[in-house]
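Participant: First to last, the protein sequences are chains A and B. Count along the first sequence from 1, add 12, and you get the number used in the working numbering. Count along the second sequence from 1, add 301, and you get the number used in the working numbering.
It is possible that some hints are incorrect.
Unchecked claim - No farther apart than 25 Å at their CA atoms in a straight line, the calculated lysine to any residue pairs in the SDA-like style are these: (1) A:Lys50 to B:Pro795; (2) B:Lys826 to B:Ala839; (3) A:Lys50 to B:Leu789; (4) B:Lys416 to B:Asn462; (5) A:Lys178 to B:Val336; (6) B:Lys929 to A:Ala301.
To be verified - To give a feel for the contact side, a few chain B residues facing chain A, derived at Cβ under 10 Å: (7) Leu777; (8) Phe863; (9) Phe920.
Hint data in this document are derived by calculation from the structure and do not stem from the laboratory. Source: prediction; values computed, not measured. Note that beta-carbon positions come from the ideal geometry of N, C-alpha and C, so glycine has one too.
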Amino acid sequence: MPGAGRVIVRRAILLTIAFILIVILTAVILEGTGFAQKIYQALVIQNVQADIQAFIRTHPGATPADIQNYKNQMTFYWEEYYGLIDANGNPVPPYIRMWKLVFNSLKFDFGYTNQESITALVGKLPPQPVITVIAGVLPRTILMATLAEAVCAVIALPLAPRIAYKHGSVWDRMIVSYAALFNAVPVWWLAMILLSVFGYTMRIFPTNYRALMTYINSYWDNPLVNTAYIAWYATLPVITLVIAFLSTWLYSIRAMVLRIVREDYVMVAKAKGLPEKDIARKYIVRVMAPPIVTYVILALAGSLGGLIITESIFDWPGMGTLTYAAITTGDVNTVMGVFFILVLVYILARLFLEILYVYLDPRVRYR
Amino acid sequence: MASRQVSMSKTISQRYIRPLWDGLKEIWSYGTGKVGLILLILLVGVSVAATVTMPSNLLAMWESPAYWDENPMLVPPEWVSYLGQPVAPQSVNVLTKPVSSGEQAGFMYYNYTAKYELTQPQYPQDVTAKVLGAAIFSIQANNTVKVISPTITFILIRPDNLTLTLTTTSPTISNVSGWYTRMDVKLSLTNYGGVGQALGARYINETQLAEVVGSNTTLLSVVRLGIMNEIVTLMRSFPQYYIFGKLVINVSLGNISSDITPIYQQVDLVLKSLPETAPGANAVKPGLSNALSSLQAALNARTPSGMIPYLYSALGNLTQAYAMSIAYNTFSANQSTTLSSSVSSLSKIISDLETTTKYYNIDIQTQPLTGSYVAQVIVSYSTEAPLTRLPGLPVSSVRIIFKGSAYGLLGTDDIGRDLAVILYYGFPVAMAIGLTAAIATTLIGLVLGVISGYYGGYVDEAIQRTVDVIGNIPLLPILILLGQIAELVFVNNPFMILMTIIVVLIVFGWGGLAITIRTMTLSIKEEPYIEAALALGASNNRVIMKHILPQVAVYGVASMVFSVPSAILTEAGLSVLGIRSGYPTWGAVLSRARDSNRYDVWWWIVPPGLLISITSLAFVLVGLAIEKMVEPRLRTL
């Protein structure tokens with residue numbers, strides 16, 4: 013099947029181009045808008061001030077000239093540290109920093125983060141390699157968002173087709189109403205309400221989820237107890253997300269099934285009197301597989317980015333919180349690293365789907 | 302030919318109004334559509350009303366605590382009284398004329414009075430007053446300029462006939478331009494000491510006090526003072542419990558014997574270890590044993606008043622014995638120190654008893670005092686002031702405000718903002734955000750999708766690759782990033798910050814629709830009638846406008862309706878995260894609740910979220926109905 017191979021290679025190339033463009037676009041937004049510049053300048057001023065304070069404390073007899081001298085020295089140091097100037101003191105224009113950022117990222121070199129609020133997410137002091145921070149935080153998002161999506165998949169995949177078969181029944185109507193309702197309710201608001209009821213009022217679940225880190229970091233000291241604690245912490249967020257996401261899952265898969273069940277050829281098969289089992293196996297599942305697999309895989313891949321707003325409500329130390337902390341503290345390296353990894357995973361998932369389609373969908377093979 | 306000419310209005314009616322009306326009728330025919338449309342009409346109605354009545358200074362008003370200072374802070378809605386929760390009502394009294402005025406002892410008095418009925422057992426949050434436009438005079442007397450300012454007294458007369466002077470103030474300005482000027486004065490409780498004293502005098506139970514303390518007047522007055530001080534301390538944290546409360550004061554004796562017993566034991570030990578042969582033993586011994594018996598008597602006494610004489614006697618005996626022992630050098634250094642420390646401990650106990658309430662447990666409970674209250678603002682001027690020369694009264698108006706324990710339809714937030722008002726003005730903002738983003742996204746997606754599908758080639762490729770980029774980039778982080786940048790760039794320009802968010806939503810939002818429309822266009826393009834139209838010489842534009850757009854437009858409408866809620870939800874979500882434009886959106890209200898970490902304040906969290914949800918729901922329901930229209934396979938058979 014040479015056609016399929018060509019299709020895959022073509023898509024691979026196109027997705028790679030899109031990927032590189034996204035990396036460049038991100039770099040442009042970070043550096044080209046002057047955002048990073050502003051943040052860096054603020055950081056330089058802040059650090060220099062802290063240094064001068066320390067200098068005055070350790071050198072009680074310092075003259076104003078000494079302090080000014082020290083200030084110039086530290087300003088130079090920090091400006092060079094943040095890449096605002098080169099070793100000779102010449103300013104580095106944003107577009108050069110931008111390309112540096114792009115090339116370093118494409119070499120998987122994300123550099124270090126110097127923000128305490130970011131390294132605190134993995135319980136360490138700055139500086140830390142960005143990749144270490146992401147690797148430390150990712151499992152927690154998998155524990156919350158990806159787990160929730162997986163639970164949804166496990167519930168929706170067997171349930172939704174059954175509902176679709178009983179189209180128009182009370183169950184079907186209830187599911188559609190539920191889907192409409194939770195399409196409209198913001199997940200993070202649901203999180204606020206559930207946290208308020210079960211966390212603050214009834215005190216069944218914790219209210220501060222940052223503490224989860226302790227149990228994950230020291231997991232092997234006492235695996236049994238820590239597993240119990242982690243489960244206790246994860247329950248409310250996962251329930252919240254499942255309540256919110258299951259609506260979309262059920263509705264989308266139901267709609268996919270409905271579209272196929274009502275195709276003419278299925279009707280014909282039914283009219284011919286083929287056994288229901290055969291119709292389901294040969295005419296429905298086969299056709300349904302590609303869109304549903306796409307839905308499942310993209311949902312799982314997308315969940316790795318975490319849910320920034322919901323994580324912030326729970327103060328869940330995951331990818332969303334990391335992304336938010338990185339953006340608000342203007343940590344360009346971390347922002348770039350997070351974007352890079354997320355987009356890469358998503359694009360790889362799409363590529364994987366393209367390859368999978370060759371096996372699932374004969375039309376691709378013979379195109 | 303003239304008969305075939307169709308009038309303009311008829312064309313419009315046939316082309317646009319008719320299909321729209323039919324479409325609406327069809328949406329109405331579905332259950333979801335009916336509910337959705339009703340909700341939508343309500344939303345539009347409220348939004349229009351809010352837009353028409355929106356004050357022009359809404360933004361400034363929303364951010365200014367001074368605007369809301371007459372409202373109680375963080376109180377639930379008034380209707381909680383129907384849920385069985387006692388409520389103290391809000392009452393704002395605007396008085397432009399004094400109830401009475403008159404001259405007395407060289408002063409001219411203007412008396413402004415407001416009544417307040419408290420029927421349910423609940424504390425009002427506060428009572429405050431504002432004296433607006435109080436005149437301050439500057440008169441020439443004996444070649445010197447003299448500034449005459451009023452003395453303003455704020456009094457609360459309670460149902461128990463207690464009169465509390467909440468504050469007395471004499472506002473003044475150093476330079477009065479002209480012979481008089483007017484200024485505003487805010488009055489609230491400052492006279493904690495006076496109020497505490499009045500409350501103490503009324504509510505201290507003298508019989509109980511005498512039972513506990515005894516008859517010693519010094520001790521009694523010390524305890525009374527201590528109770529009043531305690532009231533003042535408590536009142537500083539929760540003034541409303543005391544201004545509007547009746548007090549139950551309970552005084553009991555603390556553990557005084559645990560301080561006396563060690564002294565007794567020490568003295569006893571010293572006495573027992575004193576050998577008969579020690580120098581001066583005969584002189585020291587009686588003093589010590591007298592002191593011991595006095596201490597025992599003090600321990601047996603029931604009240605501090607009863608203890609005091611015995612303690613004094615013990616102290617006298619002990620001091621004398623100590624002096625003797627020093628003179629005769631009776632004791633070892635250790636014993637001497639013990640004895641001297643006993644003397645100082647004992648005198649400490651006596652002075653504590655006579656000056657502090659250390660040995661009493663004072664327990665003060667309050668209960669709401671129901672009944673009718675009268676608040677008075679008395680403005681008095683020295684008769685030297687040229688009051689008669691003034692145009693009008695020396696005070697423009699007085700506002701006396703009893704802050705309720707509940708407020709309005711939806712309660713208030715942490716700076717007293719009326720949440721009902723703020724949420725009401727949130728309607729048009731939410732609708733504007735949702736509709737702007739949705740319409741623009743849909744138009745771009747529709748146009749680019751049709752172009753991409755119809756023309757193909759490089760244009761198609763370029764559009765598809767762009768969709769690849771914008772479709773794979775994580776939208777929310779980009780929004781936060783650009784929102785953050787907008788906050789840096791457009792400081793104090795809420796409109797531009799909001800526009801940035803909307804533009805980002807549009808720029809990254811059209812991809813999905815464009816791809817769907819492209820696929821549809823590709824299949825429509827192959828239809829024979831398109832070929833026929835082209836063969837007849839129709840231009841590309843005409844084919845697109847006449848044959849393709851109308852067919853794909855329905856999908857566009859469905860997608861538009863679905864993307865309204867996502868824009869509203871995204872903006873609200875960004876607000877909650879802290880990327881705020883500055884508009885009083887529902888998200889901004891929620892974000893303030895979140896910032897102050899008050900998840901327990903349900904009237905602050907539930908209503909804005911419900912409004913966001915209901916608005917989204919209206920569009921989702923209409924969208925579901927439209928989806929059924931364009932996708933018949935989803936219909937219920």
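Participant: For each hint, tell me whether it holds in the structure or not.
Facilitator: Results for each hint:
{"no.": "1", "hint": "A:Lys50 to B:Pro795", "verdict": "20 Å, holds"}
{"no.": "2", "hint": "B:Lys826 to B:Ala839", "verdict": "14 Å, holds"}
{"no.": "3", "hint": "A:Lys50 to B:Leu789", "verdict": "9 Å, holds"}
{"no.": "4", "hint": "B:Lys416 to B:Asn462", "verdict": "14 Å, holds"}
{"no.": "5", "hint": "A:Lys178 to B:Val336", "verdict": "24 Å, holds"}
{"no.": "6", "hint": "B:Lys929 to A:Ala301", "verdict": "23 Å, holds"}
{"no.": "7", "hint": "Leu777", "verdict": "5 Å, holds"}
{"no.": "8", "hint": "Phe863", "verdict": "9 Å, holds"}
{"no.": "9", "hint": "Phe920", "verdict": "8 Å, holds"}
Hint compliance for this structure: every hint is met.
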